[in-house]
Amino acid sequence: MIEFENVSKHYVDGTMAVENFSLTIPARKTTVFVGSSGCGKTTLLRMINRMVDPSSGSIRIDEQEISTKPAVALRRSIGYVMQNSGLLPHFTVAENIATVPRLEGQSRKSSRVRALELMETVGLPASMADRYPHQLSGGQQQRVGVARGLASDPNILLMDEPFGAVDPIVRAELQQELIRLQQELDKTIVFVTHDIDEAFLLGDQVVILAAGAQKLQVGSPSEIIEDPANDFVASFIGTDRGARALSVKHTPHGRVLVDSQGRTQGRLIEDGSSS
Amino acid sequence: MNWIAENIGLIGSLSLEHLRQSLIAILVGFLLSIPLGWVAWRYRLVRGPVVTLTGLLYTIPSLALLMILPVLTGMSAISEANLIVALTLYAVAIMVRGVVDGLDSVDPAARSAATALGYGSARRFFAVDLPLAGPVILAGLRVTAVSSISLATVGILVGVTNLGYLFTNGLQRRIIEEVFAGILAVALIALAVDLLLILIGRWLMPWTRDPKKSQQAVKHATRQQVS
Numbered sequence: 001m002i003e004f005e006n007v008s009k010h011y012v013d014g015t016m017a018v019e020n021f022s023l024t025i026p027a028r029k030t031t032v033f034v035g036s037s038g039c040g041k042t043t044l045l046r047m048i049n050r051m052v053d054p055s056s057g058s059i060r061i062d063e064q065e066i067s068t069k070p071a072v073a074l075r076r077s078i079g080y081v082m083q084n085s086g087l088l089p090h091f092t093v094a095e096n097i098a099t100v101p102r103l104e105g106q107s108r109k110s111s112r113v114r115a116l117e118l119m120e121t122v123g124l125p126a127s128m129a130d131r132y133p134h135q136l137s138g139g140q141q142q143r144v145g146v147a148r149g150l151a152s153d154p155n156i157l158l159m160d161e162p163f164g165a166v167d168p169i170v171r172a173e174l175q176q177e178l179i180r181l182q183q184e185l186d187k188t189i190v191f192v193t194h195d196i197d198e199a200f201l202l203g204d205q206v207v208i209l210a211a212g213a214q215k216l217q218v219g220s221p222s223e224i225i226e227d228p229a230n231d232f233v234a235s236f237i238g239t240d241r242g243a244r245a246l247s248v249k250h251t252p253h254g255r256v257l258v259d260s261q262g263r264t265q266g267r268l269i270e271d272g273s274s275s
Numbered sequence: 001m002n003w004i005a006e007n008i009g010l011i012g013s014l015s016l017e018h019l020r021q022s023l024i025a026i027l028v029g030f031l032l033s034i035p036l037g038w039v040a041w042r043y044r045l046v047r048g049p050v051v052t053l054t055g056l057l058y059t060i061p062s063l064a065l066l067m068i069l070p071v072l073t074g075m076s077a078i079s080e081a082n083l084i085v086a087l088t089l090y091a092v093a094i095m096v097r098g099v100v101d102g103l104d105s106v107d108p109a110a111r112s113a114a115t116a117l118g119y120g121s122a123r124r125f126f127a128v129d130l131p132l133a134g135p136v137i138l139a140g141l142r143v144t145a146v147s148s149i150s151l152a153t154v155g156i157l158v159g160v161t162n163l164g165y166l167f168t169n170g171l172q173r174r175i176i177e178e179v180f181a182g183i184l185a186v187a188l189i190a191l192a193v194d195l196l197l198i199l200i201g202r203w204l205m206p207w208t209r210d211p212k213k214s215q216q217a218v219k220h221a222t223r224q225q226v227s
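So the protein sequences, as listed, match chains F and L.
Taken in order, the first sequence gives residues 1 to 275; the numbers are from full-length UniProt numbering.
Taken in order, the second sequence gives residues 1 to 227; the numbers are from full-length UniProt numbering.
Rather than coming from a laboratory, the hints here were simulated on the basis of the structure.
Hints are not guaranteed to be accurate.
[Stated by the list, open to error] Per label pair, the in silico range of CB-to-CB distance:
no.: 1; chain 1: L; residue 1: Leu-45; chain 2: F; residue 2: Met-16; range: 53 to 63 Å
no.: 2; chain 1: F; residue 1: Ala-126; chain 2: L; residue 2: Pro-206; range: 18 to 28 Å
no.: 3; chain 1: L; residue 1: Thr-73; chain 2: F; residue 2: Met-16; range: 55 to 65 Å
no.: 4; chain 1: F; residue 1: Asn-20; chain 2: L; residue 2: Ala-109; range: 27 to 37 Å
no.: 5; chain 1: L; residue 1: Leu-188; chain 2: F; residue 2: Pro-125; range: 40 to 50 Å
no.: 6; chain 1: F; residue 1: Glu-104; chain 2: L; residue 2: Leu-10; range: 57 to 67 Å
no.: 7; chain 1: F; residue 1: Arg-28; chain 2: L; residue 2: Val-46; range: 45 to 55 Å
For every residue, glycine included, the Cβ atom is placed at its ideal position computed from N, Cα and C.
I would like the entire structure built from these sequences, with the hints used as guidance.
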């Protein structure tokens, strides 16, 4: 469990990145921070592994105040997956994945075994182990990034727009992989995105943020779609238009749902299947 | 060509002397430039002064530097050490800039990724910043090496023997072949050291090897259906 309590972050030039933010992130669930760029969602994420230290307030992981822990050790204990993979260009795929085990003093051999194991977990062929990142496609690089984040078997996995830079088809594939992985691994995942569809797909808890990391609404995807907190949220998640504004249409074969463009999206199955 | 054939032993031994003097200067200059370059890169305030001052070193005429250094350090003007110190200063003059530019060339995303993974700052410098700055630093080192090897010949003017001897001796005795032999030997040594540096670079920085091949690997990788 990760707790933010009255956390603020302001910079010397006076900008408020985060203002009085409180939130409980449940263990073994996926929490997604979603909001437009500059809303402070990445700053919140980077506070969890002390890449950014808050100006005030406290952040606790499993009831322990993180500002009292050495930053380097804390970072090694938390998996981090970043946009554009963040792979080290001079390390091979296996070396990249094995980075944290090696930093923790594991032998070259055992960390390589671990790396190969993780490559299989994330669906990369072992033949890629000795390639360099620039020899991989964007999607493959992201897989390596995920494998690296999991290398030390951390309880917490931070993901900063990890699928933001890959094409939509690969993104959809990686999202499904993450869902599958999470079912197996049961990590506490904190995921940052600006894509509301991605947030609803992956999140158990979705946090919609506005500038200054102001919480507009916190809840499960269903809760948010069923009861948006205000007009801004409704328009941000798109319940008033497009694919989420569904209406019922009667056809000779029963009722179907159509979106705002008039395209039929699916059949309405009534409770008790009487129609 | 007769002169060269008859004096091949002399040319050989002078070449070894020459190589030894310049290699020491190149190596020491390189080792000094890393911390100096790091300080200049890390602390913005000292960056301008450090880069400018070390750069200005290069504008001091070499003969003058060989005369001034003994006064400042108490070394004998005709000692080999005097020449090596002077060459080292010139090496630093070129290399510091190269190290600063090299560290500047490191992708900030890679640096921040390394920090997020849990590298301490010293460890990150040696494991991430320095190797990634490698290609630019190597380019600076190659210029330094060639320049030091050619500059070393000036030593003969203060009495330090190396391939420069072939120039002064050849001019005094009007043996044009001897002068050419000197130029040729200096050029060959410079080329050989440059080639050696390229090979060491490839060995130490395998990820920079053969960009053509890696291009093909990218194509190959995308063809495989693993996204």
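Hint check:
1. Leu-45/L <-> Met-16/F: 53 to 63 Å: With Cβ atoms ~29 Å apart, the hint is violated.
2. Ala-126/F <-> Pro-206/L: 18 to 28 Å: holds (19 Å)
3. Thr-73/L <-> Met-16/F: 55 to 65 Å: holds (57 Å)
4. Asn-20/F <-> Ala-109/L: 27 to 37 Å: holds (30 Å)
5. Leu-188/L <-> Pro-125/F: 40 to 50 Å: holds (48 Å)
6. Glu-104/F <-> Leu-10/L: 57 to 67 Å: The hinted range 57 to 67 Å holds for Glu-104/F and Leu-10/L, with Cβ atoms some 59 Å apart.
7. Arg-28/F <-> Val-46/L: 45 to 55 Å: holds (49 Å)
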